[in-house]
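Trainee: Here is how the chains run, residue by residue.
Protein chains: 2
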Amino acid sequence: MLTDADQAFADALALRGVTVKPAAPNYLEEPRDVYHGRPGFVALPSDTDQVSEVVKACAAAGVGIQPYGGGTGLVGGQVSSEGPVPLIVSLERMNRVRAIYPEEDTIVLDAGVTVSEAQAAAEAAGRLFPVSYGSQDSARIGGGLAVNSGGLNVLRYGMVRDVCLGIEAVLPDGSILNGLKRLRKDNTGYDLRHLLIGSEGTLGIITGAAMRLFPRPAQIATAFLVVRDPGAAIALLTLFRQRAGEAVSAFELISRTNFDMMAETHPEARQPFETFPEWAILTELGTGPGADPEEMMTALFEDAFEAGLVSDGAVAQSGQQRADFWHFRETIPEANRRIGAIASHDISLPLSELAGFIAEAPEAIAAIAPGRIACFGHLGDGNLHYNLFPQRGDTRDAYMARSHDVSDLVHEMVVARGGSFSAEHGVGRKKVGELQRWGDPAKLAAMRAIKTALDPKGIMNPGAVLPLL
Amino acid sequence: MLTDADQAFADALALRGVTVKPAAPNYLEEPRDVYHGRPGFVALPSDTDQVSEVVKACAAAGVGIQPYGGGTGLVGGQVSSEGPVPLIVSLERMNRVRAIYPEEDTIVLDAGVTVSEAQAAAEAAGRLFPVSYGSQDSARIGGGLAVNSGGLNVLRYGMVRDVCLGIEAVLPDGSILNGLKRLRKDNTGYDLRHLLIGSEGTLGIITGAAMRLFPRPAQIATAFLVVRDPGAAIALLTLFRQRAGEAVSAFELISRTNFDMMAETHPEARQPFETFPEWAILTELGTGPGADPEEMMTALFEDAFEAGLVSDGAVAQSGQQRADFWHFRETIPEANRRIGAIASHDISLPLSELAGFIAEAPEAIAAIAPGRIACFGHLGDGNLHYNLFPQRGDTRDAYMARSHDVSDLVHEMVVARGGSFSAEHGVGRKKVGELQRWGDPAKLAAMRAIKTALDPKGIMNPGAVLPLL
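Going down the list, the protein sequences come from chains F and Z. With the first letter of the first sequence counted as 1, position 363 gets the number 363 in the UniProt record's numbering; the numbers rise by one all the way through. With the first letter of the second sequence counted as 1, position 257 gets the number 257 in the UniProt record's numbering; the numbers rise by one all the way through.
Treat the hints with caution; some may be incorrect.
Here are the computed lysine-lysine pairs in the DSS-like style, where the Cα-Cα straight-line distance is at most 25 Å [said to hold, decoys possible]:
#, chain 1, residue 1, chain 2, residue 2
1, F, Lys443, Z, Lys56
2, Z, Lys21, F, Lys443
3, F, Lys21, F, Lys56
4, F, Lys457, F, Lys56
5, Z, Lys56, Z, Lys457
6, F, Lys457, Z, Lys457
7, F, Lys443, F, Lys457
8, Z, Lys21, Z, Lys56
No wet-lab data here; the hints were simulated from the structure. Every value quoted in this text rests on a predicted model; they were computed, and no experiment measured them.
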């Protein structure tokens with residue numbers, strides 16, 4: 001598949017000192033196995049200047065670029081499966097912590113640092129790096145910023161964009177945007193940081209970031225609570241936020257099907273309840289020294305029980321029990337994968353619409369494909385992973401023809417309630433059609449105008465977010 | 001000054017139902033009295049569709065638009081003093097609270113609602129609207145978003161952009177961007193919200209916003225503390241954040257000169273200290289029910305005293321004393337105005353650079369203009385208002401010739417330390433030259449490309465942020 005021209009281009013880059021190799025299979029795959037890359041080259045620049053060199057060469061030759069972080073994206077944004085074969089540009093060699101300033105709660109990172117490495121660097125300095133998600137050992141900061149990743153700490157600290165103070169990036173003409181400001185306040189022109197964050201590599205390659213750090217919570221209390229239904233869960237969230245404020249650092253909703261499926265796929269996992277609940281909340285309070293989150297949690301549990309919001313539950317009594325609770329929660333996506341979803345959705349809703357959606361959706365979905373619905377997610381953020389599975393004993397094949405219709409229906413219901421068809425995973429290649437269908441027309445026109453203005457040759461991650469022209 | 005063509009254009013808008021009047025003098029002035037508008041017309045649309053009509057008419061006729069909020073901006077962004085006389089578009093009649101959702105902590109506002117009105121609406125629903133600043137009775141939400149205003153609550157809640165979930169705006173072609181999402185998470189394409197916020201009306205007119213609300217702090221403790229120097233102030237901030245976390249809702253630095261000038265201009269104001277301190281901190285802790293911020297504050301005060309960080313201070317013992325403390329702080333800008341600054345600066349620095357700047361700057365400034373330096377600001381955000389005044393008894397005239405050189409010097413020192421020459425006031429017309437001088441070249445090129453792509457005729461707030469072409 002590699003032409004002489006491809007080879008000549010790769011050789012020219014190598015002559016400028018950039019490491020270029022035929023792309024190994026791992027660069028051509030993605031976790032959901034939907035998009036498949038084609039053989040080509042991967043460039044492995046060692047610093048920002050090399051990224052600039054690579055982009056300039058691609059711009060001059062009209063070669064497309066596939067930016068590549070940790071490869072953990074869930075919407076195919078990291079794998080080009082259509083159009084001319086691009087040059088993959090992986091920032092894995094740019095993996096230095098450039099500087100850490102514990103006294104000002106900031107860290108400056110190469111984009112190729114993994115989320116776990118950033119956490120470790122912050123911990124070594126006695127601080128907390130506020131981003132956390134399942135794929136954090138592989139996911140890199142640059143990729144996380146490109147898709148504006150969410151995860152487990154959004155309720156307390158926000159999305160990745162909310163904890164990013166500044167970025168360095170290479171724009172589509174190869175120029176270097178020097179925006180590594182470590183400032184809380186900087187009103188000096190258009191906020192290109194926020195424009196690039198979430199643009200999924202279609203407007204430039206993020207090469208470095210200045211990120212916020214936080215004090216490490218001195219004390220943590222974790223509880224698994226049984227609630228009657230999602231409405232009660234939201235009332236419980238309101239109670240928690242009213243009483244514990246920003247100390248509420250996690251508020252995860254888990255539906256009955258997830259407990260069933262965990263028993264099916266992970267019988268060894270420690271189940272938090274003997275009788276599987278219809279709906280449960282995994283919540284956590286984290287506080288500084290001087291406060292007693294366990295006491296707060298116990299008082300909240302009691303008051304919620306009195307108020308009829310909670311019918312059962314457990315406050316973790318040890319670090320081991322806390323770890324078991326979280327292990328259970330974090331294994332759910334793997335259980336989902338093993339069972340194999342017919343259709344999966346990463347949706348968000350205004351909190352006041354969330355219970356209505358969960359009440360309405362199952363019947364509507366059953367009319368198309370009567371499978372099992374597993375719902376879990378970051379309730380505190382209005383973000384649900386709302387997935388449809390075959391009935392136990394059935395295979396996916398019996399349903400897959402209706403997968404697309406199910407997703408259309410779910411997204412239609414979500415959008416009608418003011419929600420989003422992509423809460424934290426992004427658009428990538430998977431949801432390009434959804435964005436064209438559901439996106440605001442003025443927004444789409446402005447996006448295209450900006451894309452054309454900054455990347456007139458369309459070399460940056462062609463086919464992601466916006467359709468290929 | 002009004003031509004027949006101007007009159008005909010105004011009449012045509014009026015025929016479409018839009019209220020159009022000759023602009024009263026208040027639309028042609030700004031608080032610092034530097035920029036002066038020229039007589040023209042002001043359009044007063046009553047809803048978003050009318051804004052769209054007005055913009056379409058201006059786009060068709062090539063007429064410039066001067067968006068106008070509350071008129072409180074401090075960098076001349078609201079007053080056009082050069083180039084063709086624009087149509088002023090004021091959103092003062094769009095002043096409805098569209099909806100409030102206390103249970104999901106969101107409020108949807110017309111852009112013409114004032115900050116005070118938004119606060120009142122939130123309070124009536126038992127919630128807190130997190131934006132607050134001196135000009136809040138006049139400042140409107142749309143203008144606040146246009147400049148990404150800061151203010152007194154940034155430390156805890158962030159800048160205005162950080163508490164905005166979604167915007168509605170009219171783009172330069174008159175199309176309406178429907179982005180009033182009430183979602184914490186929404187990764188569906190480029191974040192035009194963040195691009196428009198802080199673009200100071202040069203990319204569109206914000207007509208509505210969905211904003212976050214918060215639980216009202218049940219208890220507040222306020223203290224005025226004397227610190228040795230800015231380095232000690234930063235160590236004190238670190239201690240406060242470590243111990244009280246997000247409960248630290250204000251951390252304001254005030255230098256000696258401000259106490260002197262307050263005594264000069266406001267002898268009736270209650271001074272917090274008999275002996276004026278060289279440096280003082282006004283700080284506040286706000287917590288939910290169950291916590292005791294006064295106890296936390298007292299313990300922090302004692303520990304800071306033990307550690308040698310604080311030498312004197314007072315924890316407010318009553319609502320009246322708390323109000324006196326804040327009244328003192330909030331009157332400082334007025335005292336500054338009465339004395340009359342030679343040069344004033346709205347700068348931010350990385351926290352670890354802040355003490356070094358404050359140590360270095362006076363001598364360098366004295367070499368140019370040996371006046372009195374008054375420094376106050378939001379230390380927790382790294383944001384200082386760093387202003388130079390005549391020595392007592394002198395007039396400004398003796399210094400004004402060196403005003404520009406002083407500002408150049410201050411900004412040069414700030415930029416060298418990774419800081420910003422505009423922390424919270426924006427660029428407006430006042431700092432267009434500074435942005436061209438200090439702005440990153442790749443950023444400036446991208447800004448111009450975006451401006452041209454979205455506003456090819458250059459009708460939106462011509463001459464603000466970017467120079468007139």
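Trainee: It remains to establish, for every hint, whether it holds in the given structure.
Mentor: Going through the hints against the structure:
1. Between Lys443(F) and Lys56(Z), the direct Cα distance comes to roughly 17 Å. Compliance with the 25 Å bound is thereby established for this hinted pair.
2. Simply put, Lys21(Z) and Lys443(F) have alpha-carbon atoms about 32 Å apart, too far for the 25 Å limit, and the pair is violated.
3. Under the criterion of a C-alpha separation no larger than 25 Å, the hint pairing Lys21(F) with Lys56(F) is consistent with the structure, at around 19 Å.
4. The straight-line distance between the Cα atoms of Lys457(F) and Lys56(F) is roughly 12 Å, inside the 25 Å bound, and the hint therefore holds.
5. The suggested pairing of Lys56(Z) with Lys457(Z) holds, with an alpha-carbon distance near 12 Å, which does not exceed 25 Å.
6. For the hint pairing Lys457(F) with Lys457(Z), the CA-to-CA distance comes to about 23 Å; that is within 25 Å, so the pair holds.
7. Under the criterion of a C-alpha separation no larger than 25 Å, the hint pairing Lys443(F) with Lys457(F) is consistent with the structure, at around 21 Å.
8. Of the pairs offered as hints, the one joining Lys21(Z) and Lys56(Z) holds, with about 19 Å between alpha carbons and a cut-off of 25 Å not exceeded.
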